[in-house]
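Listed below are the residues making up each chain.
2 protein chains.
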Amino acid sequence: MNAARDACRVNGEPGTVAGIDDRGLRYGDGVFETLAIVGHQPQLWTRHLDRLETGCRRLGLPVPSRGRWQADLAALALPRFGTLRLTVTRGEGGRGYAPPTAPQTTTITQCGAVPERPDDWWQTGVAVRFCETRLAVQPALAGIKHLNRLEQVLARGEWSDPGTAEGVMEAMDGRIIEATSSNLIIDQGDHLCAPATDDCGVDGVMQGWLLDRAAASGASVKRTAVRRADLWQARGVMLVNSLVGLWPVRTLAGHPLPRSPWADRLQDELVRAGTALLPAVVRS
Amino acid sequence: MNAARDACRVNGEPGTVAGIDDRGLRYGDGVFETLAIVGHQPQLWTRHLDRLETGCRRLGLPVPSRGRWQADLAALALPRFGTLRLTVTRGEGGRGYAPPTAPQTTTITQCGAVPERPDDWWQTGVAVRFCETRLAVQPALAGIKHLNRLEQVLARGEWSDPGTAEGVMEAMDGRIIEATSSNLIIDQGDHLCAPATDDCGVDGVMQGWLLDRAAASGASVKRTAVRRADLWQARGVMLVNSLVGLWPVRTLAGHPLPRSPWADRLQDELVRAGTALLPAVVRS
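Chains A and B, in that order, are what the protein sequence lines are. Take the first sequence: its letters are residues 1 to 284, numbered as in the UniProt record's numbering. Take the second sequence: its letters are residues 1 to 284, numbered as in the UniProt record's numbering.
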């Protein structure tokens with residue numbers, strides 16, 4: 001097992017394993033969050049817990065107490081910089097797919113190292129492709145970060161070139177939704193736009209935070225249906241998530257994109273607040 | 001952990017746990033099969049392994065050797081009657097969703113007890129409802145039995161009345177696809193029909209075996225798009241899977257359905273061949 005025992009808690013105890021009857025493993029029956037740790041603190045904590053709890057409620061899972069996570073964090077002694085994954089599954093039990101009437105959830109808390117990426121990706125921006133794997137339209141699962149992530153695994157498996165940072169994913173009907181492990185913010189000149197996630201995709205925690213920051217400094221923000229043409233006509237496209245913060249998109253499918261003035265402004269906000277693992281934060 | 005150590009093998013050894021970094025738990029990144037054990041033998045073995053291996057290939061997973069499963073079965077000493085679950089995950093490793101270039105799969109082999117169901121369900125038939133949860137259209141995952149089963153969990157969670165045996169699931173576009181843990185065979189009078197699974201649903205192993213048996217005794221068999229109207233106009237609807245064999249549908253959404261003459265013929269085939277856990281097989 002790769003998981004280091006002193007960096008993981010399972011159901012509030014040190015541990016690196018789960019039962020093979022756990023419904024997380026059997027059916028992907030659960031939700032998770034991935035957070036940045038900066039200055040020994042998990043970042044955007046309340047927003048991540050809010051999404052996790054929304055996911056639990058949508059799936060009919062009991063919501064773990066916030067005290068459970070706090071106790072795990074206290075026991076783990078968080079590093080100065082790193083990542084944190086929280087997972088909740090429906091635990092064991094039930095007959096086949098039928099969820100048990102009183103599920104005993106499994107909670108997993110894991111620390112990990114800062115992912116290594118070229119500084120370039122924050123500075124000059126990233127090369128991004130379109131994925132062939134499309135996202136299925138499924139309102140029952142849209143918005144939440146559940147454990148059924150085969151679409152993302154297949155999409156991320158489409159390339160191995162280390163120079164390509166991300167792949168943009170379209171819904172089955174051609175709308176642009178997100179990238180495999182990040183969300184989009186599109187600078188349309190007169191407003192910032194995020195693809196709607198009513199029936200597809202994950203509501204991005206970092207995306208929400210950045211859009212709130214932008215709105216606070218006067219930007220107009222919209223959630224709409226986005227098509228490829230919207231990306232080509234944009235004043236700039238940005239990829240955002242809770243670990244890396246924000247990468248400007250330098251090229252999309254080989255074609256250069258302009259750099260939005262919002263990229264620098266929002267990166268500055270991230271560095272000032274220490275909200276994600278940007279090089280300027282990690283090396284401070 | 002519920003799993004009994006003498007009834008489970010993980011990676012060819014006795015075991016009841018998997019690492020929390022296993023991609024099966026992290027992303028539902030894998031496939032599985034559920035088989036009936038009759039007379040100490042797994043039933044429809046080759047068909048189940050064929051589907052499992054097709055699933056591995058579709059997901060880019062290394063195909064475990066058939067010898068691995070055979071060695072597990074030999075070590076487990078199968079009961080006279082029971083169930084068997086085989087699971088393959090992409091194991092640990094990879095950076096986020098990116099699959100590792102040389103994955104070390106996790107294989108899990110588990111024996112379980114015969115599920116208890118009223119004899120009635122085979123004899124007079126079952127009460128079935130329509131599920132509100134719909135199946136997303138996703139050709140990349142259609143047909144195979146992967147570990148992303150939240151749609152089935154949500155659908156099966158829609159009712160707790162023990163008198164309702166199953167729920168029929170429609171695709172997002174309204175086509176009838178399958179039930180939560182069984183497939184449909186629809187008797188249209190002049191032919192037997194199975195819903196197409198090109199872009200949605202699981203290719204049923206038992207469904208395939210029964211349709212082959214029916215074709216061998218002269219039935220015309222078609223795979224087509226099926227709508228609700230096709231069920232109401234049918235000469236009978238049957239639910240089939242590898243554990244229970246075949247249940248005739250007695251009522252659908254409260255409305256009685258006729259009993260297809262194929263229900264008895266195919267149940268007779270199942271009992272004669274000892275292919276599933278029908279009461280007449282288990283009590284023989």
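Don't take each hint at face value.
[As the list claims (entries may be wrong)] Derived contacts from chain A toward chain B, CB cut-off under 10 Å, selection only:
{"id": "1", "residue": "G15"}
{"id": "2", "residue": "I20"}
{"id": "3", "residue": "D22"}
{"id": "4", "residue": "G24"}
{"id": "5", "residue": "A74"}
{"id": "6", "residue": "P99"}
{"id": "7", "residue": "W121"}
{"id": "8", "residue": "Q123"}
{"id": "9", "residue": "Q138"}
{"id": "10", "residue": "E151"}
{"id": "11", "residue": "G157"}
{"id": "12", "residue": "R259"}
{"id": "13", "residue": "P261"}
Hint data in this document are derived by calculation from the structure and do not stem from the laboratory. If you're wondering where the values come from, they're calculated on a predicted model, not measured in any experiment. Backbone N, C-alpha and C define an ideal beta-carbon position, used for all residues, glycine too.
Can you list which hints this structure breaks, lowest number first? 5, 7, 8, 12, 13
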